[in-house]
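Trainee: Generate coordinates for the entire structure from the input sequences, incorporating the hints supplied.
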Amino acid sequence: MAEPRGSERPERRPRLDTPREARRPLVRRPRFDTDSFGVFAEDFARFMGTATFLLYMTLFVAAWVVWNSVVPGESSFDDYPFIFLTLMLSLQASYAAPLILLAQNRQEVRDKVVAEQDRQANARAHADMEFLAREVASLRMAVGEVATRDFVRSELRALLADMDEREAERREREADRGSDETSATSPEGGEQPGSA
Numbered sequence: 001m002a003e004p005r006g007s008e009r010p011e012r013r014p015r016l017d018t019p020r021e022a023r024r025p026l027v028r029r030p031r032f033d034t035d036s037f038g039v040f041a042e043d044f045a046r047f048m049g050t051a052t053f054l055l056y057m058t059l060f061v062a063a064w065v066v067w068n069s070v071v072p073g074e075s076s077f078d079d080y081p082f083i084f085l086t087l088m089l090s091l092q093a094s095y096a097a098p099l100i101l102l103a104q105n106r107q108e109v110r111d112k113v114v115a116e117q118d119r120q121a122n123a124r125a126h127a128d129m130e131f132l133a134r135e136v137a138s139l140r141m142a143v144g145e146v147a148t149r150d151f152v153r154s155e156l157r158a159l160l161a162d163m164d165e166r167e168a169e170r171r172e173r174e175a176d177r178g179s180d181e182t183s184a185t186s187p188e189g190g191e192q193p194g195s196a
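Residue 1 is where the sequence shown starts when you use full-length UniProt numbering, and the numbers rise one by one after that.
In short, the hints are calculated from the structure, not lab data.
Ideal Cβ placement from N, Cα and C applies to all residues, glycine included.
Don't take each hint at face value.
As the list claims (entries may be wrong) - Label pairs and their calculated CB-CB ranges:
#: 1; residue 1: GLY49; residue 2: VAL114; range: 16 to 22 Å
#: 2; residue 1: THR86; residue 2: LEU55; range: 18 to 24 Å
#: 3; residue 1: ALA22; residue 2: VAL66; range: 54 to 60 Å
#: 4; residue 1: ALA147; residue 2: ARG110; range: 56 to 62 Å
#: 5; residue 1: ARG124; residue 2: ALA62; range: 52 to 58 Å
#: 6; residue 1: GLU74; residue 2: LYS112; range: 52 to 58 Å
#: 7; residue 1: GLN117; residue 2: ARG149; range: 38 to 44 Å
#: 8; residue 1: GLN117; residue 2: LEU26; range: 23 to 29 Å
#: 9; residue 1: ALA147; residue 2: ALA127; range: 29 to 35 Å
Mentor: Set out below in structure tokens:
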């Protein structure tokens, strides 16, 4: 029995012109905090670079060799060529190298940030020095235009002489006015001064 055309099922085949839908995996991948792992790597690399680590590794290898060389019979678990010790040291080195590289990369990022901050501080200091140099140059030019003490004294003397001259003219005018007023109020002119 044939189904009608309108009720066709959608195609289950993937189309090439659309992105794939994300499928949920059956087992989730573990997610690591990269910052805390980086801190661990730096701490581990820092510890590996100490004399304490070197002393511990030396004691461990010496104890391993002594135990497997001196102890007789079945108690020794790694005979003379010490293959298992070599395997352990190789495994430790294979993990140590990437951890050290990770720590170096993180340090390089920090160094770049510090270098950029230093570059910006140097640029600001350079700009400040240029500004101060321009200010000093403008002050030197302004000091060249500043009036000297002798110039100010001569200007003050000229002003004082001008003021004295004006004061003398004012006194003369007042004296002239006073003589004009006294002649206008004389007995010939009518009233006596002081009579009301």
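Trainee: Taking 29 to 35 Å as the stated bounds, is the beta-carbon spacing between ALA147 and ALA127 within them?
Mentor: holds, 34 Å
Trainee: Regarding ALA22 and VAL66, is the given constraint of 54 to 60 Å on their beta-carbon distance met?
Mentor: Hint holds: Cβ distance 57 Å, inside 54 to 60 Å.
Trainee: If I claimed the Cβ atoms of GLY49 and VAL114 lie 16 to 22 Å apart, would that claim hold in this structure?
Mentor: The hinted range 16 to 22 Å holds for GLY49 and VAL114, with Cβ atoms some 21 Å apart.
Trainee: Do the Cβ positions of GLU74 and LYS112 conform to the proposed distance bound of 52 to 58 Å?
Mentor: holds, 57 Å
Trainee: Measuring from beta carbon to beta carbon, are GLN117 and LEU26 in 23 to 29 Å?
Mentor: violated, 48 Å
Trainee: CB of GLN117 to CB of ARG149, is that within 38 to 44 Å?
Mentor: Check failed, 50 Å falls outside 38 to 44 Å.
Trainee: Assuming the hint says 18 to 24 Å, is it satisfied by the Cβ distance from THR86 to LEU55 or not?
Mentor: holds, 21 Å
Trainee: 56 to 62 Å was suggested as the range; check whether the CB atoms of ALA147 and ARG110 agree with it.
Mentor: holds, 58 Å
Trainee: Between the beta carbons of ARG124 and ALA62, is the distance compatible with 52 to 58 Å?
Mentor: holds, 57 Å
In terms of the numbered hints stated before, the structure departs from hints 7 and 8, listed from lowest to highest.
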